[in-house]
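Asks: These protein sequences, in sequence, are chains A and B. Residues in the first sequence are numbered consecutively from 245, following the working numbering. Residues in the second sequence are numbered consecutively from 245, following the working numbering.
To be clear, the hints were calculated from the coordinates, so they are not data collected in a lab. There may be inaccurate statements among the hints.
Note that the list lumps identical chains together, so a pair holds whenever it fits in one copy or between two copies.
DSS-like mimics (lysine-lysine), calculated; alpha carbons at most 30 Å apart, straight line [what the hints assert, rightly or not]:
1. Lys443 x Lys335
2. Lys426 x Lys324
3. Lys303 x Lys324
4. Lys315 x Lys335
5. Lys303 x Lys282
6. Lys443 x Lys303
7. Lys324 x Lys282
8. Lys303 x Lys315
There are 2 protein chains.
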Amino acid sequence: MEKIRRQERRIALTKILVDHPNHLFSLSFFSGLFMAAKSTVCEDVDAIRLAMEQFQLGKLETISGAAGGIKYTPVKAAIKIEEILLELAAKLSTPDRIIPGGFIYMSDILFNAQLMSPVGEVFMTRFNTSAPDYIMTVETKGIPLAYSTAKAFNLPLITVRSGSRVTEGPTVSINYVTGSSKRIQTMSVPRRAIPEGAKILIIDDFMKAGGTARGMVELAEEVGAEVVGIGVLVATAQPEEKLVKDYVPLLILQAVDEHNKITDIRPARRD
Amino acid sequence: MEKIRRQERRIALTKILVDHPNHLFSLSFFSGLFMAAKSTVCEDVDAIRLAMEQFQLGKLETISGAAGGIKYTPVKAAIKIEEILLELAAKLSTPDRIIPGGFIYMSDILFNAQLMSPVGEVFMTRFNTSAPDYIMTVETKGIPLAYSTAKAFNLPLITVRSGSRVTEGPTVSINYVTGSSKRIQTMSVPRRAIPEGAKILIIDDFMKAGGTARGMVELAEEVGAEVVGIGVLVATAQPEEKLVKDYVPLLILQAVDEHNKITDIRPARRD
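Based on the sequences and whatever the hints tell you, model everything.
Replies: Take a look at the structure:
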């Protein structure tokens, strides 16, 4: 009987931890939930940590002290990241995705949770040491990606809008020039969304010249926040010089040959 | 040694199933991954099923036959759903959310993954028997909710846009009249996003008159798809008569008393 109970406890514990990445659970929480001694919960945690390590499923941290507890972090191994990015590159380079004008149809992939959830964990892995307080993106196509990143980090997501909405209360707006089409645009965010001094990680789906990312940086600075990182799923190889420095692309779009229906997209090399 | 291996297997199996809701895994997949006999994997699955039932963490289905396998479905118990909705109602009714004009500031909640992931599972539980092929929403604030629902269902998400974009290829557009402000708007979707005959579940964050939902229904019908359900997180009590029939609200916004800073919002009663 005790053996069965232990198994069920560990399965339930695994499920709860996986559902709440980067959430710090106290030992007392689980000891109460399972009506088990804290030492028993600790043994369970050790077993789960071992299994996760063995199968490269993420990291289980035990933080000691009064404010301590257990935290599951969905860090991904380098080999797994490479696998995810190669799969995405393969999907994005099929000839039927090429749209007149040399664009690539990406919406179905960007709104696919089975594909974007792991990418959120890739961003979390890459930016974990930057210790952001908020994830920021701009509507619309980058939202699932940024949302998945926010979930992996257990952080709030701020979604910058085009124009300003009456249902958002007071907003902060900036004008910016899109890097590629040189049009003047407005983006805005509810004033209450970002506290002063907040550390912001910007996540977006696509970067060509970097005008939109630059706009988000300016918006963040406008409210006294600090940008600690910029991650994009796909960056174009050209123009090489972007309007923002220090961005982290996961994939590089080298070229789209519209005539021969060939898209050259590949995982970015890490410096 | 064998005991440790079994434990680790079950923990890893739980993690993989939870990460891929409604995904059908073949027994061979796990038997290959763990280098274990299929009968062993079956025993593991039974143990996980038992634990999930005991702690109300979802359902594990075994589908027999050549095309069969194991599938984790994150169905939520009625009591858990009530708990989630009461918590959301409490969060939404704090006085500081009231915006001049009688609106409620909801963005931080709508973009919070820890709050929206469970709501996606609530919608999955409610609409599971409708057997949709696609989840549909309209930009922007309903996206995380619809995305979480799509993840719980393991289905693609279609995001309807305002206007049409050059980077989407051929689009289907319709004009519709917003129910509350009586303005004419355009919404569009890439033609390739919805195959004819597809069964669509519409998910949105907010419904007042129902004009936007009605627009999505018309857009779906325009491409020969069938709407099998409409789910909204918050519906206003007034107007009682909406522009769509048979929608499922999770919360009802009874009234916002701007002067006294009181918001009356509560879980919808189920018929």
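Asks: Now tell me if each hint is right for this structure.
Replies: Hint-by-hint comparison with the structure:
1. Taking CA atoms no more than 30 Å apart as the test, Lys443 paired with Lys335 passes between copies only; the shortest distance there is 25 Å, against 33 Å inside one copy.
2. Within a single copy, Lys426 and Lys324 get their C-alpha atoms no closer than 38 Å, and across copies no closer than 51 Å, so neither meets the 30 Å cut-off.
3. For a Cα distance limit of 30 Å, the shortest separation of Lys303 from Lys324 qualifies both inside one copy, at 14 Å, and across copies, at 28 Å.
4. When the C-alpha separation of Lys315 and Lys335 is checked against a cutoff of 30 Å, the pair qualifies only between copies, where the shortest distance is 25 Å, while the shortest distance within a copy is 33 Å.
5. Taking the shortest Cα distances, Lys303 and Lys282 sit within 30 Å of each other both inside one copy (20 Å) and across copies (28 Å).
6. Taking CA atoms no more than 30 Å apart as the test, Lys443 paired with Lys303 passes inside one copy only; the shortest distance there is 24 Å, against 39 Å between copies.
7. Taking the shortest alpha-carbon separations for Lys324 and Lys282, only the inter-copy value of 26 Å comes in at or below 30 Å, while the best intra-copy value is 34 Å.
8. In this assembly of identical chains, Lys303 and Lys315 lie within 30 Å of each other by CA distance both inside one copy and across copies; the values are 8 Å within and 25 Å between.
The structure does not agree with numbered hint 2 stated previously, though it agrees with all others.
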